[in-house]
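The hints should help you fit chain B onto chain A, whose structure is shown.
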Amino acid sequence: MKIDLAILEKYTEGRMSPEEKNDFEKRIKDEPGFKEELENFILSKSAIRFASNKRLKTKLDDIGAALEDKYTRKTRTLAYLMAAAGVALLIGMGWLMNHNFQPRKSYEEIFLSYYQRPEINEMSFRSTAGDSVMMKWHKAMDHYTAGDMQEAITEFGHITDMSDVTFSSRTSFFLGICYLESNQPEAALQAFNRVKKNSSYGYETQFYKALCYIKLGKQEDAVELLDIVRQDNNHPRRKEAAKLLKDLDRLIR
Amino acid sequence: MKDNEIVSRIMQGGHSMEKCLETFYRENIRFVGVMAKKHQLDRESLMDAYSDSIIDFKEQIRKQKFQQKSKCSTYFYSIFNNKCIDILRKKTTNIITHEIPEHLKDTSPDIVNEMTSADRIHYLEAIINQLGSRCREILMDWNDGYSMEEIARRNNLLNANVARSKRYSCLQQLMEIAGRHKNYAN
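For the protein sequence lines, the chains are A and B, in the order given.
So in numbering that gives the first Met the number 0 the end of the first sequence lands on 252, straight run, no missing numbers.
So in numbering that gives the first Met the number 0 the end of the second sequence lands on 185, straight run, no missing numbers.
Extracted from the complex, chain A is given alone in its bound form (with noise of 0.2 Å):
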């Protein structure tokens, strides 16, 4: 039994007026070929809606994938980025605290750090000089050796005084060496002077220079004297002078 859809498809969607409902009904009652078409279009309206719905269902769960991949890539940069950021932020810490919050060295804790009296068997030496004079020398250096500053001030001033005297510059470096020791800076800057620079102790009476004027809190001038010897390739303090001047430069800050 063949019945146009148009009929179904009213009736289905509520489009009948009550006289065309009632016949409609009608013919449901008393022909059962009508019933039976009628029973196909509902399931086949139901079959198409489905099938209609799982094919939007798949369009928005490919939509819904997208964004769970967006989503999931967004989450996973974000966790990156903190890590990065957390990596960087206690990176930067450790670096402000290094380079902020260190204790900063006094002066006179930078001139501890640095000075270490000469030993007295890295000196040794061969002299022409006259016998009175040579006598004056280890008598000197024994006060110096047994650490009494004062009698090898005393011994070396002797020394510097005789017009005589050949090693001038190893006894203006001893008596430096003395002068600092006995906390006379000044004194000390004053005899490290009398060191010829081209002596075998000009080296060291620079690194001992700027340690006097570090003690006197003349950091220009220890600076100043620190980078000459830091540039010399040659200077056997060159390391310590490059450290000595960090360390300066942090006390400016």
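Heads up, some of the hints might be wrong.
[Unchecked claim] Here are the simulated lysine to aspartate or glutamate pairs, EDC-like style, with alpha carbons at most 16 Å apart:
hint, chain 1, residue 1, chain 2, residue 2
1, A, LYS44, B, GLU124
2, A, LYS56, B, GLU136
3, A, LYS217, A, ASP248
4, B, LYS89, B, ASP47
5, B, LYS62, A, GLU8
6, A, LYS58, B, GLU21
7, A, LYS56, B, GLU17
8, B, LYS90, B, GLU43
9, A, LYS9, A, GLU24
10, A, LYS217, A, ASP246
11, A, LYS44, B, GLU175
If you're looking for bench data, these hints aren't it; they were derived computationally from the structure.
For clarity, every value in this text was computed on a predicted model and none was experimentally measured.
Structure of chain B alone, referenced to chain A:
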């Protein structure tokens, strides 16, 4: 999108409805996160329930069950919440105490029955799958409210008259299949 626009575009059907639902889907995706916190469900189940809820929402509007007494998003939220509760009910024996406000309750049991009854789903799927793919597409387009011109264009048919005639013959075919399948099932 404003509520009136959502309702009118869904009622209009076709391409306008499809685009509207896609936008609505994107605009309310935050509810997935809300439900994840509220019900402690896994994201995959939530995404599945979310798209099912969009389809239910569309059906409610097309059947004019949505009276616009609440905002579309509020109404949709209640549908989605019901879906989540359904999932929880399947997963747990605990009694769910969530009470849904009366005015927001889903009042279309036929849709829910359709989507939850496995037998009925298999039955409908079996019917529609016996139809050729082009016929299926034409009938689905017709169901979704596409105009005959749009159906012709989407399915590479000559014109709207051809689409109309094709739709008629496809529906006849499907009704015959349904009749045979029904007799076979009985």
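Requested in this report: Report the numbers of all earlier hints that the structure fails to satisfy, in ascending order.
Outcome: Violated: none.
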